[in-house]
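Asks: For the record, the sequence lines run as chains E and L. Per the working numbering, the first sequence starts with residue 1, numbered consecutively. Per the working numbering, the second sequence starts with residue 338, numbered consecutively.
All the pointers check out, no bait thrown in.
Here are the simulated DSSO-like cross-link-like pairs (lysine-lysine), alpha carbons at most 27 Å apart as the crow flies:
1) LYS397(L) to LYS502(L)
2) LYS237(E) to LYS291(E)
3) LYS462(L) to LYS474(L)
4) LYS173(E) to LYS205(E)
5) LYS462(L) to LYS397(L)
6) LYS474(L) to LYS283(E)
7) LYS291(E) to LYS474(L)
8) LYS133(E) to LYS210(E)
9) LYS192(E) to LYS180(E)
10) LYS150(E) to LYS111(E)
11) LYS210(E) to LYS192(E)
12) LYS237(E) to LYS173(E)
13) LYS283(E) to LYS462(L)
14) LYS237(E) to LYS133(E)
15) LYS303(E) to LYS462(L)
16) LYS237(E) to LYS180(E)
17) LYS210(E) to LYS171(E)
18) LYS283(E) to LYS180(E)
19) LYS283(E) to LYS397(L)
20) LYS462(L) to LYS291(E)
21) LYS111(E) to LYS144(E)
22) LYS173(E) to LYS210(E)
23) LYS291(E) to LYS402(L)
24) LYS402(L) to LYS283(E)
Hints in this document: simulated from the structure, not taken from any laboratory.
Below, each chain spelled out in residue letters.
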Amino acid sequence: MLNSVELDNFGPLRHIRWGELSNINLIIGANSSGKTFLLKALYCSMRTLEEYQRGNDQRSAAEILADKLYWTFQADKIGDLVTKNSDGPLTSRVRVDSREFRYSFGRDTTKNIASLENHVPPRESNSIFLPPKEVLSLQSIILKSRDVDKEFGFDDTYYDLARALRITPTKGKNHAHFAKARESLEDMFDGKVEFDSKTSRWQFKKGNQKFPIGATAEGVKKIAILDTLLGNRYLSKDSVVFIDEPESALHPVAISRLIEIIVSLAASGIQFFIASHSYFVVKALYVAAQKQQMPVPVLSFIKDHWVADDLLSGMPDNPIIDESIRLYEEEVELALG
Amino acid sequence: MSISFIESGMNFGPYAEDEIFPIEKSPLYKDLGQGLMIAEFVLIRPGVNGAEEVWIIEAKSSAPKCFANYIEEIRQKLTNSVQLTLASCLKRHQQAGELLPARFLRLDLGACTFKCILIINVFRKDWLPPLQNALVKEMHSLVKTMGFRPGSVSVINDDKARALKLIH
Chain E
1 MLNSVELDNF GPLRHIRWGE LSNINLIIGA NSSGKTFLLK ALYCSMRTLE
51 EYQRGNDQRS AAEILADKLY WTFQADKIGD LVTKNSDGPL TSRVRVDSRE
101 FRYSFGRDTT KNIASLENHV PPRESNSIFL PPKEVLSLQS IILKSRDVDK
151 EFGFDDTYYD LARALRITPT KGKNHAHFAK ARESLEDMFD GKVEFDSKTS
201 RWQFKKGNQK FPIGATAEGV KKIAILDTLL GNRYLSKDSV VFIDEPESAL
251 HPVAISRLIE IIVSLAASGI QFFIASHSYF VVKALYVAAQ KQQMPVPVLS
301 FIKDHWVADD LLSGMPDNPI IDESIRLYEE EVELALG
Chain L
338 MSISFIESGM NFGPYAEDEI FPIEKSPLYK DLGQGLMIAE FVLIRPGVNG
388 AEEVWIIEAK SSAPKCFANY IEEIRQKLTN SVQLTLASCL KRHQQAGELL
438 PARFLRLDLG ACTFKCILII NVFRKDWLPP LQNALVKEMH SLVKTMGFRP
488 GSVSVINDDK ARALKLIH
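Next up, chain E with everything else stripped away, as it sits in the complex (with noise of 0.2 Å):
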């Protein structure tokens, strides 16, 4: 698992520290602080870990971070990455499984980062980013932009994941928490989405019913995802899930729903790192924090600082909470003035 994150200079994340992480962990901030920034920052740390090494790959760590950096931000050259006007180069010191992995480069970078240091040992399992957008009624259209193109427009949480959902689900016994945890996905549609392999389409069955994927409900396909992840076995114990913004398209009665089944998932292992703006996904975490007495660290970005806390030790001052109390305000001046 990830353990500690510390970045510089990265794009908008001028300086952060972020240690003691747990299975949950949960980012806010308003909109352009750099939310999703920090996730793929860590997506891309996270997959040069696991796709070191693997198979008969022959690329050196500092190679696959370079593309995978360059894929994921799609910038010019890596080098824009580091933040305007600072002064050093742009440093990522994580730790995972208690090993250190770091590197750092400045702006004139074009691919090679000269300075990368890996002391964890290669990993088996596979992160995933879940975006906002769900990817299933694109995923023909993100790999053939990507695999024949060639062409930017859908990065590398967008590409790594509709390669992640072409694999094809595996028959046979999964993991105790993972079929608990598909039974709850499922069970909140009253259905579930399939890879059709006879017309290469994704449909969603509901009893005898099938519908094709872009008469879908927006969330119903997001929840779909996670389904067929947890389904094709692409996501083990100790994957790491990036989420952004799990509320966007779901309903508050789902967003809690997710946090349920994301807390058992956390259970068995597998390490979530959730950027929101949501009141329900912060309450809902902060009630699963104390109803379970589990860790759930937090950072936030106040006053143009980003603050470490945890919401096991209660609900820390944040933009959400603050603006569900202005509302309140506004609303009893209304009413006593």
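Based on these hints, arrange chain L on the given structure of chain E.
Replies: Only chain L this time, still in chain E's reference frame:
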């Protein structure tokens, strides 16, 4: 003459004698017998455009321990208080003419605004919104059947009560 009193650890008042109906202490309530829960008092406050508003006030010194029971208790108290106030103003109870302050008897019941307010002493502001949402939901049927306006149910803490000059 003005009236001040301490309730749930808060210093209420001063209120003019004719603008407060201490419903909980009134024989109009006590004569109804046991088993009926009631709010602390009812207040006439100036509203917009010179209209009068009737504020039903319930004060609490503690946060809910059992959320559902707490909300249900407040709902019963506020609902009973609205109904008893209206019934008294309409002189449906024999002694109402003597026991109700004159301003209450002159209220234009068809036009005046009713507001139900729960005040919790020393209560964290960030805990107020969900409590207000829950109470608004529970009071929905009363608000609808009585034709009260949206925003007629509020949950505030002592800071806001002080700002509204309900307490000092």
